[in-house]
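Protein chains: 2
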Amino acid sequence: MISFPSKLLEEAVNEFAKLPGVGRRTAMRLVLHLLKEKEDKSLALGNAILAVRQNIKYCKTCHNISESDICLICSDKNRDNSMICVVEDIRDVLAIESTNQFKGLYHVLGGIISPMDGIGPNELNIESLVSRASENNVKEIIMALSTTIEGDTTIFYIFKRLKNINISISTIAKGVAIGDELEYTDEITLGRSIVNRVPYNYSLLKM
Amino acid sequence: MISFPSKLLEEAVNEFAKLPGVGRRTAMRLVLHLLKEKEDKSLALGNAILAVRQNIKYCKTCHNISESDICLICSDKNRDNSMICVVEDIRDVLAIESTNQFKGLYHVLGGIISPMDGIGPNELNIESLVSRASENNVKEIIMALSTTIEGDTTIFYIFKRLKNINISISTIAKGVAIGDELEYTDEITLGRSIVNRVPYNYSLLKM
Chain W
15 MISFPSKLLE EAVNEFAKLP GVGRRTAMRL VLHLLKEKED KSLALGNAIL AVRQNIKYCK
75 TCHNISESDI CLICSDKNRD NSMICVVEDI RDVLAIESTN QFKGLYHVLG GIISPMDGIG
135 PNELNIESLV SRASENNVKE IIMALSTTIE GDTTIFYIFK RLKNINISIS TIAKGVAIGD
195 ELEYTDEITL GRSIVNRVPY NYSLLKM
Chain H
15 MISFPSKLLE EAVNEFAKLP GVGRRTAMRL VLHLLKEKED KSLALGNAIL AVRQNIKYCK
75 TCHNISESDI CLICSDKNRD NSMICVVEDI RDVLAIESTN QFKGLYHVLG GIISPMDGIG
135 PNELNIESLV SRASENNVKE IIMALSTTIE GDTTIFYIFK RLKNINISIS TIAKGVAIGD
195 ELEYTDEITL GRSIVNRVPY NYSLLKM
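Protein chains in written order, with my numbering: chain W, 15 to 221; chain H, 15 to 221.
Read the hints as simulated data drawn from the structure, not as lab findings.
Mixed in with the good hints there might be a few duds.
Since the list gives no way to pick one copy over another, a pair counts as held whenever it fits inside one copy or between any two copies.
As a list, the in silico DSS-like pairs of lysine-lysine whose alpha-carbon atoms are at most 30 Å apart [to be verified]: (1) K177 - K188; (2) K174 - K74; (3) K91 - K71; (4) K32 - K50; (5) K21 - K71.
Nothing here was measured: the structure is a model prediction, and the numbers come from that model.
The shape of chain W in the complex, shown without the other chains (with noise of 0.2 Å):
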């Protein structure tokens, strides 16, 4: 076991080490990093995740994070009120706003049905989810999950609770990836899309 000449650094190189994907060799690429940049550019690492951590908000209608009560997205009159996109983070939410192509409101579960890892569906924001289904105003609910079995499953939990509401229930598509070549798209995700191939559409090609 090293023996650190510093107890600062020791605890530094701890804390960096609990991050994930940052082991102990790692940590202390990174703090020796830190010690050997200014000392300002340092500090400003240290104070932006004390502030982020302390006075980060979460939206309180579709739990992005937000720095009011309600989020940009979820105040902003110009979007479609009318759909709510369903994904599992933060990031799809940024993932997804990237593409330019949604003008509709998001709602962040937060995760998805996970038994292995113990996410069942209370640790998920899914009772908000179905308040929110239940006004007036909402037309359809895509569902933008991974496709993988944790995420369908996450899917058709909520189709459940969902269809005693009368309100449409979309997927995201999907398919081969735009610009990836056939011959190296794996079976599953070919074979789907020809049983799942959808009428030619000219306009799309403009997208």
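Based on these hints, arrange chain H on the given structure of chain W.
Leaving out everything else, chain H in the frame of chain W:
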């Protein structure tokens, strides 16, 4: 470009992304991990970074990290102050200390001569090494630098600076790593290890 829902989030991601080997996606993942963790755990990382950067000192003798003016190794009366092991940075001190095979003192250069990166002799702690080597008690300087062109250049430069001082200069042994199979050893290492072969010494087997 991703539009962040919060300035605080954006700043934290930007600061993480400045770390070596951390891209913007990884930075985002780390920040969201900190937001999911219990608050005191995330604050511990921020505070540890601030503490280590603001309070750490360097040993005035050997430039190792220290909590006082003279580090624990330099101030240890049980260590052999006739030997100084020259290393590139603090990680090398930790690596050699963990072998328990060296009981002398260290000298941390803070880098190696690398014109490509703009690091010349003046950027390194070489002057202080020359003055330590001139002290009466020092008998041997052990060069424990990377076995690269930059390492060899640095050793040669230090050798020239020390040549008027009556002191022995050695380098760490280079050759096939213990436990390695010859089949997988690179040709240069294997070739040199044959040229620089040493007399068989039974007592080393017990190490």
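Hint by hint, here is what the structure shows:
In this assembly of identical chains, K177 and K188 lie within 30 Å of each other by CA distance solely inside one copy; the values are 23 Å within and 72 Å between copies. For the identical chains of this complex, K174 and K74 are intra-copy neighbours only, at 24 Å inside a copy versus 69 Å across copies, given an alpha-carbon limit of 30 Å. Within a single copy, K91 and K71 get their C-alpha atoms as close as 21 Å, which meets the 30 Å cut-off; across copies the closest is 55 Å, which misses it. In this assembly of identical chains, K32 and K50 lie within 30 Å of each other by CA distance both inside one copy and across copies; the values are 22 Å within and 13 Å between.
Proximity of K21 and K71 under a CA criterion of 30 Å is satisfied inter-copy only: 12 Å between copies versus 34 Å inside one chain copy.
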